[in-house]
Amino acid sequence: MGKHVITMLPGEGTGPEICEAVRRIIDHTGVEIVWEYEEIGLDCLDKYGTLLPEKTIKSIAKNKLAIKGPTTTPIGTGHKSANVTLRKMFDLYANVRPAKLIPVLKRPWDKIDILTFRENTEDSYAAIEHMVSDEVAQCLKVITWPGSYRIADFAFKWAKANGRKKIQCVHKANIMKMTDGLFLEAFREAAKKYPEIEYGDIIVDNCSMQLVRNPGQFDCLVLPNLYGDILSDLCAGLVGGLGFAPGANIGDNCAIFEAVHGSAPKYAGMKKVNPSAVLLSGVMMLRWIGENAAADKIENGMNKVLAEGKTLTYDAGGTASTDEYADAIIKAMN
Amino acid sequence: MLTKATTGRAKRPAKPITLVGVDVYIITENGIPAFDDYGAFKIEFVSNRGTKVWPGYVSEDLMLVNWYRCRFMATKAVTDADVDSFLTQLSKKWKWSAAQKLWNYGDEAGFSKAY
Chain E
1 MGKHVITMLP GEGTGPEICE AVRRIIDHTG VEIVWEYEEI GLDCLDKYGT LLPEKTIKSI
61 AKNKLAIKGP TTTPIGTGHK SANVTLRKMF DLYANVRPAK LIPVLKRPWD KIDILTFREN
121 TEDSYAAIEH MVSDEVAQCL KVITWPGSYR IADFAFKWAK ANGRKKIQCV HKANIMKMTD
181 GLFLEAFREA AKKYPEIEYG DIIVDNCSMQ LVRNPGQFDC LVLPNLYGDI LSDLCAGLVG
241 GLGFAPGANI GDNCAIFEAV HGSAPKYAGM KKVNPSAVLL SGVMMLRWIG ENAAADKIEN
301 GMNKVLAEGK TLTYDAGGTA STDEYADAII KAMN
Chain C
1 MLTKATTGRA KRPAKPITLV GVDVYIITEN GIPAFDDYGA FKIEFVSNRG TKVWPGYVSE
61 DLMLVNWYRC RFMATKAVTD ADVDSFLTQL SKKWKWSAAQ KLWNYGDEAG FSKAY
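The listed protein sequences derive, respectively, from chains E and C.
When the first sequence is numbered by this note's numbering, its final residue is 334 and no position is left out of the sequence of numbers.
When the second sequence is numbered by this note's numbering, its final residue is 115 and no position is left out of the sequence of numbers.
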């Protein structure tokens, strides 16, 4: 394969130290990558007056591929989230998050291997909010048929390409008959193209209960934005928390791979945070660009380190630093 | 003890309300709408499903549906009658599904920005 040019967004807080560890591991696979480092997040506010500088936008638009460390999202008032802005600006409509059991983390279940496909651009995240009187706030939940169809179609394509068997559409169409009803209708239409994949639907509250009672029954879930945001974190919690939860935001012309967790500013510079979530996002990115052998190499190396249990970060019960953990993975890859 | 007498309806502290603009949801098959000069109201941005598509950088994929939120801000002090007259003018050229008045509450905008 030729050389890949990838925009690297280290982010803020612990992001830079995590991303440096991840870059070292990915480079060790021998895949030829030119990393274009760009800035994003709260640190950019003082320098550029924006969370997302123009230079960063141009780099992503040019390379159509990026990996991103964590950033901080201001709560309540203030600036828009850099994450959501990126997803919207590049129309990264598919948020893909695998939740798979990590061997070293003891969990009460034998099997969890769930893929969530969250619609990433619509729903109540369309950011259309108004104070319609001095005492009433209103948020528009925007669900479109094309937007719903394309996330469902994406999920079926992904499932087919990766040997997955079943997809369920998660919704609340019994109550929100127009919006969630449209999402479900588009899902069923998309399903017709993939007779080899079993499909069904489940109401979001029942799905939440079933996930915590018997997560092994689920394979792939397709969800509107808000339910997807919540249940994908629930799935991450089932398998061991956000430290091991990778994510991909994919559109028709661009893809950004990122950890799901926050920037943990109180640990910044201490080099103790687990880089696995960004690393596994990097593994997803390598598979996306067809570098499967390199992805396997990293995944096997990481699993070996986790199985040995000697070099683990604090969240996994160890005392290793970010760099020591990365070095152990690099050694295990040899 | 909680009793009927102590559970009256609470009121949010009132703030002065000022009309400052109007969001109009326009349906068109011809891409990002471009507007004439409407005097008291000036177009600030156009969004598709909440994502700004004008002005600024636009991914080619963003115009997914034929429904655009168009934010018009007042260029001077305006009244409800100005909004009525503006919408009458707008209706001559554009099909629209809804309009939402934009108010400031004290110094705070009572409406979100587009992404």
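Worth flagging that the hints you see were computed from the coordinates, not collected in a lab.
Misleading hints may appear alongside valid ones.
What the hints assert, rightly or not - Pair ranges (Cβ atoms, derived):
1. ALA10(C) - ILE203(E): 29 to 35 Å
2. ALA81(C) - GLY181(E): 34 to 40 Å
3. ILE175(E) - LYS101(C): 42 to 48 Å
4. PRO55(C) - LYS157(E): 33 to 39 Å
5. TYR48(E) - PHE35(C): 37 to 43 Å
6. ILE203(E) - GLU29(C): 33 to 39 Å
Every value quoted in this text rests on a predicted model; they were computed, and no experiment measured them.
Note that beta-carbon positions come from the ideal geometry of N, C-alpha and C, so glycine has one too.
Tested hints:
no.: 1; hint: ALA10(C) - ILE203(E): 29 to 35 Å; verdict: holds (33 Å)
no.: 2; hint: ALA81(C) - GLY181(E): 34 to 40 Å; verdict: holds (39 Å)
no.: 3; hint: ILE175(E) - LYS101(C): 42 to 48 Å; verdict: violated (29 Å)
no.: 4; hint: PRO55(C) - LYS157(E): 33 to 39 Å; verdict: holds (34 Å)
no.: 5; hint: TYR48(E) - PHE35(C): 37 to 43 Å; verdict: violated (30 Å)
no.: 6; hint: ILE203(E) - GLU29(C): 33 to 39 Å; verdict: holds (35 Å)
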